[in-house]
Every structure is written in structure tokens, then in C-alpha cells.
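Could you put the whole structure together from the sequences, leaning on the hints where they help?
Number of protein chains: 6
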Amino acid sequence: MDNKKVVTFGEVMMRLSPPGHSKFSQASSLELAYGGGEANVAISLAYLGLHAAHVTRFPDNLIGRSATQFLRRHWLDTSMVIYGDQVIGKYFLEKGAVHRPSQVIYERDGSAFSKIEPGMVNWELFLKEADWFHWTGITPAISEGAAACCLEAIEVANRLGITVSADIHSRSSLWNYGKSQHEVMPDLIGGCDIVIGSEKDICDIFHVDPEGNENGFTEASRQLMKKCPRVKKVIDKNREMLSASHNRIQGKMWNGKDYFETPQLDVTHIVDRVGTGDAYAAGLIYGLLNFDDDLQTLKFATAACALKHTVEGDANMVSLENIQCLMHGDTAGRIIR
Amino acid sequence: MDNKKVVTFGEVMMRLSPPGHSKFSQASSLELAYGGGEANVAISLAYLGLHAAHVTRFPDNLIGRSATQFLRRHWLDTSMVIYGDQVIGKYFLEKGAVHRPSQVIYERDGSAFSKIEPGMVNWELFLKEADWFHWTGITPAISEGAAACCLEAIEVANRLGITVSADIHSRSSLWNYGKSQHEVMPDLIGGCDIVIGSEKDICDIFHVDPEGNENGFTEASRQLMKKCPRVKKVIDKNREMLSASHNRIQGKMWNGKDYFETPQLDVTHIVDRVGTGDAYAAGLIYGLLNFDDDLQTLKFATAACALKHTVEGDANMVSLENIQCLMHGDTAGRIIR
Amino acid sequence: MDNKKVVTFGEVMMRLSPPGHSKFSQASSLELAYGGGEANVAISLAYLGLHAAHVTRFPDNLIGRSATQFLRRHWLDTSMVIYGDQVIGKYFLEKGAVHRPSQVIYERDGSAFSKIEPGMVNWELFLKEADWFHWTGITPAISEGAAACCLEAIEVANRLGITVSADIHSRSSLWNYGKSQHEVMPDLIGGCDIVIGSEKDICDIFHVDPEGNENGFTEASRQLMKKCPRVKKVIDKNREMLSASHNRIQGKMWNGKDYFETPQLDVTHIVDRVGTGDAYAAGLIYGLLNFDDDLQTLKFATAACALKHTVEGDANMVSLENIQCLMHGDTAGRIIR
Amino acid sequence: MDNKKVVTFGEVMMRLSPPGHSKFSQASSLELAYGGGEANVAISLAYLGLHAAHVTRFPDNLIGRSATQFLRRHWLDTSMVIYGDQVIGKYFLEKGAVHRPSQVIYERDGSAFSKIEPGMVNWELFLKEADWFHWTGITPAISEGAAACCLEAIEVANRLGITVSADIHSRSSLWNYGKSQHEVMPDLIGGCDIVIGSEKDICDIFHVDPEGNENGFTEASRQLMKKCPRVKKVIDKNREMLSASHNRIQGKMWNGKDYFETPQLDVTHIVDRVGTGDAYAAGLIYGLLNFDDDLQTLKFATAACALKHTVEGDANMVSLENIQCLMHGDTAGRIIR
Amino acid sequence: MDNKKVVTFGEVMMRLSPPGHSKFSQASSLELAYGGGEANVAISLAYLGLHAAHVTRFPDNLIGRSATQFLRRHWLDTSMVIYGDQVIGKYFLEKGAVHRPSQVIYERDGSAFSKIEPGMVNWELFLKEADWFHWTGITPAISEGAAACCLEAIEVANRLGITVSADIHSRSSLWNYGKSQHEVMPDLIGGCDIVIGSEKDICDIFHVDPEGNENGFTEASRQLMKKCPRVKKVIDKNREMLSASHNRIQGKMWNGKDYFETPQLDVTHIVDRVGTGDAYAAGLIYGLLNFDDDLQTLKFATAACALKHTVEGDANMVSLENIQCLMHGDTAGRIIR
Amino acid sequence: MDNKKVVTFGEVMMRLSPPGHSKFSQASSLELAYGGGEANVAISLAYLGLHAAHVTRFPDNLIGRSATQFLRRHWLDTSMVIYGDQVIGKYFLEKGAVHRPSQVIYERDGSAFSKIEPGMVNWELFLKEADWFHWTGITPAISEGAAACCLEAIEVANRLGITVSADIHSRSSLWNYGKSQHEVMPDLIGGCDIVIGSEKDICDIFHVDPEGNENGFTEASRQLMKKCPRVKKVIDKNREMLSASHNRIQGKMWNGKDYFETPQLDVTHIVDRVGTGDAYAAGLIYGLLNFDDDLQTLKFATAACALKHTVEGDANMVSLENIQCLMHGDTAGRIIR
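The listed protein sequences correspond, in order, to chains E, G, C, B, V and W. If you count by the UniProt record's numbering, then the first sequence holds residues 1 to 337, one letter each, in order. If you count by the UniProt record's numbering, then the second sequence holds residues 1 to 337, one letter each, in order. If you count by the UniProt record's numbering, then the third sequence holds residues 1 to 337, one letter each, in order. If you count by the UniProt record's numbering, then the fourth sequence holds residues 1 to 337, one letter each, in order. If you count by the UniProt record's numbering, then the fifth sequence holds residues 1 to 337, one letter each, in order. If you count by the UniProt record's numbering, then the sixth sequence holds residues 1 to 337, one letter each, in order.
Note that these hints are calculated values from the structure, not bench results.
Part of the chain V face toward chain C, derived, beta carbon under 7 angstroms:
id, residue
1, S25
2, A27
3, L30
4, L32
5, N61
6, S66
7, Q69
8, V87
9, G110
Facing chain E, a subset of chain B residues (Cβ under 7 angstroms, in silico):
id, residue
10, S66
11, Q69
12, V87
13, I105
14, E107
Ideal Cβ placement from N, Cα and C applies to all residues, glycine included.
Laid out in C-alpha cells, this is it:
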């Protein structure tokens, strides 16, 4: 079971951040890592023992190769990386604390990934032995080519009978190539089995309206499922933000029949807030592949998400044991010897 | 409005501290920065968009020039720095956590600044186009020359109609050149429009006694204003120290007519405690220059002070947006993208 | 009084840990220190002003000499270190946070210390002018030779009338050379005056059973004292683990007549959890050497233990003043200038 | 004399390089600096005591502001920096040694500077009190707008009677917006008084041919001066590359009448090779402003260039004394105390 | 041709070294890498574009997994790594300079690799599609199991018709499990096609004697080939050690018919001396797979070896272009842009 | 023999230097060490196995204690350190390369050591079991008290029959408390057995004149011995400074009868130039204590001096084996395994 194969697709950016809590105005060196929503999911799953392959496009130079090496180090199968052009997408991250927000500056325009075009990726080959395909709402927002390429992938996955999941969360500020998410996303989501997204995401994309329903999330999910009958579960989480250093996390799911919620997990000393949503998505995929029980899955994902807040960088590098331990209620953080 | 010009005066020290939470007994390198109460105020204001110039005296060698370069990096106008002698003031900082206090060791004796003398600074020139002059009670404690030079500045400022503010907080241990603050400070404070100081500071300096008054701060402020009729507002803050890692901050002001207090801000994960009072002073100056409303000013200053606890180093390098956001009650520390 | 001499005995390991909160899978450098339960106690006491000498065996190469240099830097008398063989014991530490546990991997097999044999250490010489000898339950678990050598030391100490203390906490996983702690430990504990250990430790070692007694610790201590009449006090602490970043500490003692408990100390932002038990033991030894009052001793030790959680590395490097301040209830962590 | 004012114009890039001699494939952090040919010249001159102002365009975000702060730290007058768009030009540098070449990867496409347009810079204002204007052949290669903006500057400088110098060295690979340097450069060089460039640069730009002349450099310079009668001196250097760690430098000049050469300087242990040509240009400008004698100027510039090889980063931060000492033949590198 | 597959076999150690030129007695952190003669060869070949897979045995814990991740990062196929036991082999490296020698301390006893046994590795599977198998004289010196396992591999390789190469250089101090290299090595070398080793190595292993022959290396090689008729080429290099910072390298080969020598390459500023022999071996394998000409192969290998002296760490991470450039005589180290 | 005890006396300064070759204007952290001419000698001797104790005076605060810890780490007996006042002497070091000189800025005025007074050190006790006492010409230059205290020590050493050596090299710029070295030094040198100093030092101190003698050093030494009949050997070295990165070293001695010179040692890649004279002095003391032959001593000292150029920091931390190897002509820097 653990050698299930998951394929993810999306941009991987160079991540540059001043050390510790210092600011760009103070920095004389920057921490270097690489990350992106979908690759973060793949890395998390690889640390849990799955065969995780990531499809992306890097510049054909030593920066592109170093990015690939980062993914390899963190267990990804990089045989599906393609190369071309000269610029890698980047983001700069200044880490906040307490009331001081973290700040992120993206530089994605003109990146090698943004220039991806349909036909560049051999999806038939890459998805041949996969069990799961995962994408996010960021990819179709990057460029027309990326959106088209993502649609290609979903169609092949559907044809091959592979489960498809999407994290449809998207920042509207990303959509700047002339199309709106309302125009592009519904077709893509139509090919999905599992959707991770908030009530607001669903409303923005589908122009639905939960109409003052008490549990808007359930109602929005219901309407989404009506429009996209392939979708079997809609999943989200509640995040209570006490400060940049202290959040509380709670998972929730509508599975077409029932609504579930996990107890809240209290993350009192956040180390790195980035990628916690991706850790949640990875936890869901792992759970859906391994548990029969939706609540178990949700608890597993919520524990994974909470743990990611304590890991430096974009991706969740904790062990299966760490997640299981927390999922079963052990919050003590006892030293393992 | 933002191009208002503020001039500050005081010693800038080399700050040397072991990395992270390590102790001097463990260190093999030290973090290097430069700071001092008045320059910290100037830097904070410069980050908020004001024209901030700092007057100080550095040794005439590459250390002195590097110190100037630090101030320039952080936006200060350094055209008023003068040079002479060979030694820079220093302080060593070992950062504490929870119940372990931070420890500071000063080395200011014989510094280039301590040897400043009246006549060395061309105040007429430097204050010509300024809108505000700020000094603190540390400067007159350093040496007779520094005190005299500070008095020169205040007199010129008064003559030119420039607003003068003083942070009169002073450690009595600093006064060791033969005069007491009671002898020296009243004349200096007499030239001020705005005073930042505690009930205790006022009592120590003016030998007044609030006589068991319910609100001692208000009563002490009243008495100060009687002795120094130019003073229009007396401002302080309450700091609840739960530990070296957790403080609560609340601003308060007596404006001659009313007493104001802000709600408490809860700083749950302190990154660097040093310079938080200077951030408060800078917030007050910014507020008084930009808001009509005293409570707005106080809230702005309290938010600035709270945010400084999360910034490495002596000076508050947060943005205007950061402060405004917190001032209006958003404590969530949401990532800015 | 402060020049009392304490001798400790045990393995010192090389400690290798990724910087900050990063994981081994992310590290390209490791922080280097040296530590071990008994040497940690000695270093703590040396920082409090005692003459502390540690007896251990290091490999006869530049790593062994660097380890000695680490002990010397932290004030230990290293004249009693002996050298032989080629490998130092090691442990790898990945620091956790919140729900993510720290992880420790030991490599002690075949270390220079594990090959120590009776006769290698000149106990008569080394203990001649000592006031106190301290060992822990880890040492006899390492190898038959180490256990025998420890027994030698205790016998000499008893003969010379030196107070002997033991921290009998032991991980059962350590005992893998063919003997159990039940076979080995009672003889060693029989030579002790002061025992630090939990109810469970006592039960595991002596196969006693507090029989559902309300205060199991007291009852277990009573039974231990019956079997080991030299033992005068049994001491333990309660640790409430809210998370890897937040613990609460409380000291407790049975002195043969009375049971004491201190108030809880709340360690809200843990910097380094390792060695906190050793800091507690050192606090106890200091207290028993310096205070007449058992509760004072317990409060001192609990404060020492709490403070260690805020110090990087294995050993408690805080000052006497830091501990006294906290012991007397000042938890504010006010900056010392 | 030292308060002469020099204005430079050109792109400033973020410089990211792995620490020491490590490679991108090994790096987990990158050293951060900012540099560009023209700003490097300005910084060098500022360290020599001149008033140096740099004109550039940075993105209007915290990265752009941090870049400005870097220039301010290194003494530049940044009042002429303009802001717009969102991306900063970048270069990645992997430092070589001996036979392993350094490797540079540029990312300049779409940078804020490349989008500069005529009319954006108020040249009349910025050049009003300047004594010298310096540009390089890189700027017109970046974009049509940058070339046009550079021409504006030269015309204003000519009108105001300001000396104009150009380093016409250019990588032909840079010219990719549809025009060749042969089309663009002659007009710009026509407005120059001082030209720094090689025989090959001149031939490529002007399509001249020194016709097998013994001293091709002199002949090419003669032909350049015929086409551009304002040009008074053409200057170049010989670089003997024994390896990436060992170069030899020699200055040379044709001043319209005489040809000069300096003795070779032997740089045996190169620390950072980048920006050594800019240090040479800065040395020439300083020399031409301060010495009557062309050979003195050339020796000064060659010494400045040699010293830059020993300074980390793009810009030459050595002192006037350092250069004078080497220029007068003292190669011993004796410690200055 | 570049997707030729090479399999290597041997121990990979954790490499711990103080930063820069500092000594263990000064270090508070250690640089972390992983390396071993055979894996170094594989990594070099992977950087040149070959499919390189390394067979080794790591401890079954997070250190073993981190070691695997290091190999993956540097492009190795790690699907053949097996896991067991708890300790990784290690070496400590203190880097010398000029007259100060580097110092290496090995800790290989009891490592997971040393406990490898015949039958643990599925050689039939792992070598099935390989073109080349490479081992070194270090492996059979580590333990009886390692020697037996190596013999297994060679026999399978011979059966499958895969080219086998060996670097038979061995430190006699390594052979301490009761057998001598004279007893063990000849059988292993008998299965080789290509041997890398010195005259002295051959004499020590085979107890041959070149009998005062003028070119002892050729004569020893001839005798080796007589005893091991499968061997087709014997290859070595001359290293002139001017100091720890300056070496000269020259390749040499006896191919059964002719003796070749390359010109000397002068490495004037050594960055890291470790692994230079492995870089040479990798160069030879690449050359033999890609060139028809033995001298070309030798020049390629010598250039690869020289370049490794400028790369931090154990393995040669330079590009094919770097080596070709030097091999063709370009020693200038010109910046690549 | 190796447990001979050497006592040294002098100021130990905090050494602060930017990392690598960077400049103060670039630094955001400083490397921290402690050093001083006499303590450097003691540390060198301690690394060679002697019992070395250093007498100095540190401030009575955590900086003074950290300085002591540094000395302890590097094997010194620190039982003779005394404490008082609040400021430690400091020096800032910016490391040069090739033609760029290193730059040192001292801050010694008002240091705890400069305030030392006769009577503060119990010389009778400290020198009781010593075999050798060493001082340098820096100490009497620091303050009148330091000079007087040094004279005390020499007188006690003479009375106890302990060999006294002095390195009389002194920077005239140091003498600024009102007395000249000509007034102070002769009395101190009168009590010495061994003098290390140049012809120029001797002439400056004693106002002698070698009168155009061919070998001025020998003649100056002769005249010194006439004035100070206790002196038995005068020793110096020649340093050929090819650049800041490349020096050549040669020892020389006049022993009252013969003049010796060693061959030159060529230090081609200097790592740290500071303290190389102290390493030479330590080599001389070791040699004079251990060899019968003056040339052997000189060769040992020259090798020690050459090796120090490759060690970071002030003190020579190489092993006896390293020095012996080089002294016997092995310059290859072969890796020690």
C-alpha cells in the first residue's frame, strides 16, 4: 500500500528568506530552498513512504538543475521534470512573529514554468502507473499554457481511472493573464474526485451562493457536487489566527452524506507557517489511500497540518510516526530516544 | 506631511550579541549592529517615511565609519555625524528567555561621544529646517559635555520654534560624572513640549511627590507641567512582564486635561526586547505629527512598541502598514502576499 | 563554602544537532557540543562557583582532546580525564517544537568510555580532597566495566566519608550487555546518601511495590530507605508536558520524615530540553551543600531546572544570581544592566 | 577637490552566490549583495571620498528598498533612485578557483530597470551640480528604453559641460532586443570625453580595422577619435589569466599623443574577480579628476583594479591610502596598526 | 552513450569537518557531508550525465536516511541502498594549508556497512542492466563480509559481461580483521578489466618485484597482467606535493602495449584535497566509455582530477564542459557568463 | 621534560574580526576570539604539552569570565588570572590578502589590564614552581602600573633562579603614558636570559649604534649583551614579505659566540598572519627547554612560526608532530590519516 504512486503537477519556486526573524533590510545572506504548493504535497507524501513524482518545468541551467536536486534530496521522483528557458520562479519570504505578519513577494512572471505549453508533457507516460493525480488552483492561474497543460493531465488521469484531487484555493491576485478563475476552473474541477477548498473559493469559482445557510460550507459543497458529479468529497479546514506565532487548526469535510469536524489542534509556537495547507492536502491524500474512515482521514490530515507549522521550509518532513502519535491525541512532544 | 524632518541627538553604540539564545560563554561569533535610544527613534521614523537625521560623534576610524554606514543603511541622514577620538561606545547583549533575563554590559566610558563638548555641533545649521528635535535622559547622564551639548540643542530648537520631545527615562547608575539628574535634567526638560517618562522618573528628577494620589502618574505629570509650563503632554506606558518571552503593553497619556489609556497588547513570543521603548517614542512622534487625536497617537505608539518586540536589533523596522493594521485591532499576523 | 569540591563520573558524548529547528534531512552543518548526564551536573556546579572535576575516558586522539577542551572551557577540572581507544560516544539531536518531538539517536557502543575497566581510575587520588561524589544510572548501564568502575568509586567515597549522590533514572533500553538494572543497581545505590529517582525507577530497580499507596513516591522512597539505610533523602520532580515547547516543573522530596513539594514553574518557551534533569540534580547538590532547609534546596533545584530549559546545549550555564532570583519568585525576566 | 560629484547610471542587480567556493548544487544559503557595473564605479569613488550618486530604477517593493539600502550603506547618494514595476535584475555567481571557472547566470529580462523609458529621469535636475557622468556599454544593451535614457543623459551632460566617460566593454550576447551595438553605440560614444575599451570593442562597435598595425590598440583608438572628436583618451588594460586564482594586470592608455603602459601587478590569490574592471574605471575617474599626469592616473587605476581582486563582492571598498601605497610600489601588504 | 549505467559498491561515511581552515579545537559547528571512494566515483559520473547507482548499507534510522538523501541530491540512483544496524561509518577531517597537513580520523568499526554479508545484496538484479561495475581496495579491507560481498559482485559482473574496474589503492592500516591484502585482493583483481593502482600497490598485493626496472610502473603492470589476464589497462598518476595547498598532477597508463603520460597540471590553490583520486577514477571510466583513444582518456581523467582539488567536499561536481575545457589546455579559468 | 612549567604575563584582548576576507563595512557578524602576545606564547606551549600559566587581569564581569574560558579551552592554567574594573582591551582585525594589508585597530586605553598595579599579583606564589618566565615589550608600554608589575615579576623570577625571556619588539606608537621605552626597557631587559628582538629594537631601546657593521644584528646583540650581562642569546627572524598572502621566514640567532641562520621557509598561502611572532617565541622557548643545539632550536622555532601562518586566530594550535615534521624538511603537507 505504501508504494502507491502519486503524481503532482505545478510550479516550484526558489524560496529566499532572511535567517531567523530578521528582515530583508537586515539580511546579508538568504536561506535557500525550493517549494510550491503541489511539490510540497509530493514531498510530504514521499516522507510518508509513498512513491511521489512531481511534474514541473525548470530553466535549463545550473539553477534549474539545483532545484531538481533539492526535490531529489527530499525523495521525489524527478524523472518527469522537463527543462527549457532561463528563469526560475521565485518567492521572497520575510518571517513574521506575533503581530508582525510574514511577508511574501512573488516573482513568477516569465518563469520557465509559466511558459509551459500543452504537448510538452507526456502525460500518458507519466501517469501510466500512477494511483493518484493532484493539482492546485495556483497552476491554472499562472498562464494559459499552464492551465491547458493541467487540463490535459486531468483528462488523461480520468481516462486512466486515476483518482484526481485539487486544492482549489487560489489568490485572485494571481489571475492576470486575461481569464478569470470562473472561466477556467470549473472545467478542471469537473475532472476531480476530491476537492479541497473553502466556501468562499467555491462561491468565487462557481458563482454559487449558499444563501444564508447555517453551514455555508456544506451547502456550497452540495452545490459544487451538483455541478461536478465526479466530486465525492469536499474538504476544508478552520484556522483560528491568534497571532503569527499561534494558530488553531481544525479539519472539516462534507462527503456528500455527512459533515465531519476534528477537534482543534493548538499550535502555540509556530516555526514556519508556509506550506501548512499543502501538508493538510498531503495528509488527506495519505488518509484517503490508507483509511476506510473519513474522520480518521481528517484527523490524520489535521495532525499533519499542525506538525508542519513546526518544520522549517515549505514541505512537511515529519514521519508517519509523528503524525500518528499526534492524531491519537498525544500532544506532549516527548523526546524520542 | 511625511517629509517632515526630525533631528535626534545621542550616543550610538556598537551592539555585540551571541547568536540566538546562546550565552557569551558559548559564543565564537557575535552579531554586530549599532544602536542607541535616540538613533533608534530616528530609524523607526525613517522607516515610516520621515526625513530623520541623527547627530552623534563617532571615532575617526574605520569602526566609526562602519557605524555611520549602519545608520545610512537604515535610512538616516548622516550628514550631521561628527568624528573624533578613537573609541566607540559598546554594549554586549546576551538574550534571555522565559525566566532567564537578558543581560546587558555597557562600555561607554571614554567613548568618542562622551568627549563631545559644546561648540562641536553646529546646531543652528543642523536644526534649520527641522520640524522636531528629540533627546533622551541618557545623553545628559553620559558626560558633562554631552549634557551641555544637549542644552545647546534645546535652546536653539526653542529659538527656532521646533517642537522638542524628551524621553526622560534614565538609569541612575549612569550618572557618574559628579552631577545628579536632579541638578541637570530640570533645565533640559524646561525646554520640552512633550515628555515621555514614568511617575518615578518625574519624582526622581523633580523631587516631587504625588502624595498618595490615586493616579500617581497624572498627579506627577501635573506637577511637572507646573514646573515646566512649556510641556504639553506627559506620556508613559505600562509593561506587564509575565516573563522575558511574554510582556503586555499599554500606552497612557496625560495631556494637561485628560488621561487616556489604550487597551493592552499581548506580546506572547518576544524576539528582541531592546529598543521597545524607543519604538514607542517614535510612534508618539509620528502620531503627534500626523493625528489630531491623542488616543489615536497613543494607539499608534503602543502598536509600534508591540511590533518592535518581534524585530531583531535595536530599531523598529516595521512598515507604516504593519503599525496601522495592528493599531486598528488586527492581531492575526496574517501573511501579506 | 563555594570552593567545595564535587567529583562526577560518566560518559561524555559528542552532541551533533542541526541548527535551530531544522531537521537532519535539511542540515548541511551540525552544531557541535559535548555532554553527558554527570558532566552536565559538574558544569552546572562549576558555573555556580564550586570546584567541579569530572572523571571520564576519552579516545586518545584529537577528538578526545577537543572534548576535554570543551569541559575545560566550561570550568571543569579535567585533570582526572583518562585516554584510550579511538571512538567517542555520540548522540544526534533533532530539536522538536510544539507537537513535534525532539529525536535523539545514541551511538555509544564501543566508545572509549564503554571500555573503561576497574583499576583504570585512581579513585583514591581523585577523591582525596572531594566533598561530594555524584553518579547516575546511565553509567552502570553502559558496560560491565563501567558498572564495576562506578562501584569502585562509591566504595572509595564511602571509605573517605564523602557524600554520594545518584540520579538513578535510567532508560531500560540502555541495559544491553547482559545484566539488568535490578541485578546491578541495588549494590551501587546502597553506597549513596542522596537518591534522585522516580517511583517507577525505584520499583523497577528494587522490585518493590508501593501497594496502591496514595502517595506512591513517598512509599517507594520509604521502602528504598529500608533496603539502603545510608540513603537520607529521595528526590524527584513532576513534569507536566503541555508540548515540546511548554512544560511545567515541580520539585518533590521525601527526607525520611517529611514530604515537600515546590510550587510549579511554568516554562512557556523551551529553548533546549536536554539536560534539564541534570540541572535539577546540580541544583540539589548545591542546595544540600549550602542550605539548611530542605524546601529551600528543592526550590533552588526547581528554579535551576526551569532555567536550563532556556539555555542551549546540555549544561546549565546560568549564574547563581539567576537561580536565586527565580527561586525567590521573580519570574519577570527583567533585563539586567 | 574630494567633494567632486560623480553621477553614474545603470542597472543594479541582486547578487546571489553560494558561500566560499561551494557550488549551487551544495548550497543551502546564498550570500546576498547588490551590484552592477556603473554602481560599482560609484561605490568605489564614494569610498575614495567623492560625492557619488547613482541613477537607477528599482522595483517598488521591499526588495527594491533593500537594494537602495545596500547602496546607501556603501555611501551612495540614492536620492536619484526611481521606483516602479515589481522585479529586480539578478545574477547568480558560483566562484571558481584555479582551473575551475566562476560561473555567472543573469536574469535581467523584465527587470524594473529594463523597463525604464526616456522622460522617467529628470536629468537636468540630477546632473545640475555634477562634475562627471559615467555610463557603460551594458546599459544600452539592456533595452531600447535604457539606451534612449542613456542618450538623454549624455546630451544633458554635454549641454551642461560635464565630463562624460564610458566603459564600452559589452558582451554581444546581451544585445537581444533587436538592435546591434554597431547601430546604437556610436551615437552614445560620440558624447564622451573618456573611453574605456579594448581594441576588439572598438572594432566591433565602429567596424574599424587596425589593419595589422603593430599596436592595434593605438591604431583603433586613433580611428575612434577620428569618428568621435570629443574623445580625448582611450584606455584599456591587459589581463594575463594564469588561472581563476591568479591574474596579472597592466594598464594602458592612448591620450591622442602618447601611448603609456604601467608595470604589471601580480594578483596571486584572487578573492573575488567580479567588478575588477569597474574598480579600474573608478581609479581612472579618480585619477583624471586629481592628477595632472596620465601615467599617474593609469598607475592609480591599475593599483585600484589589482586591489579589488582581494575584496569580496562587486565593489571596491579599499581606502585611498591602500591604493596610493600600492601605486607607489609597496606590494608587501604589511599589517596597518 | 551518456545514459550508460555504472554501478559502484562501497561504504559511505558521514564526513564532519570544521569550517574553513579552523581546527577541531576551535570548532563550534561542523560541516556535514557524506562520502566514500566508490560513491565519490559514482557522483562524479552522475554529474557527467551517466546513470550512476551506488550499492551500500546504511543504518536503519534517520541518519541512514539522511545519508541516502545526500546521495540522491547528488544525482545517484539510490534504489540499491540497503538498511540495517544502527551506526554509520564516519570520518573527521581537519583541513590543512601550506605546510600544515590535513588530518583525517576514521570511525568505521562496527558500522552498518562493515556488517554487510554475502547474500544481502541482490547482485543479479542490481547489475542486470549495468554497463560498468567499479569497486576499490578499501571495501575488502573493511570486513570479511564486505570482501565476500565484493567478490560476489565481481563474479556476477563477469558472468553478465559487465566491464569491471578497481582502484586497488589501499591503506595497509585498514586491514585489521585478520587477513592481509595479499591473501584477499588477487582473487578480486582477477575479475577486473581495468586496474587503477601504483607500482607499490601492485607489489604489496601480488608480492611481485619490478627488479630495478627503469620504469617500475610498467614492469609491475606487466607482471600484474600476467597473473590477471583479464586486466587490459593499468593506470596511475604522479602527484608532486609542493605543499598542502599546491600539488601537480600527471596521469599515466600501461595499456599492455604502450606507456602514456599526460602533461602535468599545476593546482596552485587547493580548496579540498579529499576525493581527488576518486575524481581521477571517474574520469577514467568516463573516458574509457566515451573515447577511443587512451591518451584522450588519460587527459580527461587528469583534468577531472585537477578540477576536483577546487571543489569542496568528497565528490567532483564539475561539469563535462569544465573538464573538456581544461583537457584541451585552457587553464585560464575565465568566467563563464 | 614536557611538564616543564612556563609562566607568561600580559594583556589579553578580545579579538573581533569580520568573517573570511570581508571588510568591516560589509560585516553583520564578527568572529570572536581572545589573544595577546604573551598568552599566545603560552597557548602554543600548552599545545606542545607544557604546563603553561598566564597572568593577566580581566574585568570582573561575564566578558572577563568568557575570556578566561577561552584561555582554559586552549589548555592554559588560569588560576593566576585576577579580576577588577569593567572593560576588556580589544582589537579589531580586518584580514587583507595579496596587496591589501590587514588592518588592526586597538582599544586598550582604560582596560582592566592597563589598571594593574604593583602588589596586585602574588608573584612569589605564582612563580614558585615555574621553570620559565616570559614577557614582551608590549606590557611595559601599556601603563606605568603594567611596567612596574612586570619589573616585580622579573625580580622575583631572578631571585628564584627562573629563566627569563623577553620579546622586546614594541610599536613606539604604544608608548603614550609619558615615558619612553629607552627609559623603561633597559632595566627590564637587564633581568633577562633570552632576548628576542631586531637590530632596530635594540638600537631604539639602548640607543646603541652598530656603526655600519656588516652584520648589524650581531653587533647590536653584542652591545646589548655588554649592557645586560645576564642575556645569553639574542634571537630574531627575517621576514620577506612578497604580499599579505605570501611571506618567507628565516630564523637567526647570536648566542654570544656564533651566528646561526635557518633556511628560509616559504609560506605561500597565508591563512592568518597575526601571532606568528608569538609562535616563533614559543618555538624558541620549547627548543631551549628541550634541545641542546641552538640551530635545532632555531629550526624548530622557524617551523612553528611558518605553521602559525596557516592557523586561524592569534595562537599556534599545531601539534608537536606537525612542527617536527616541517623542521626536518617535510614541506609536502601530506594528509595524516
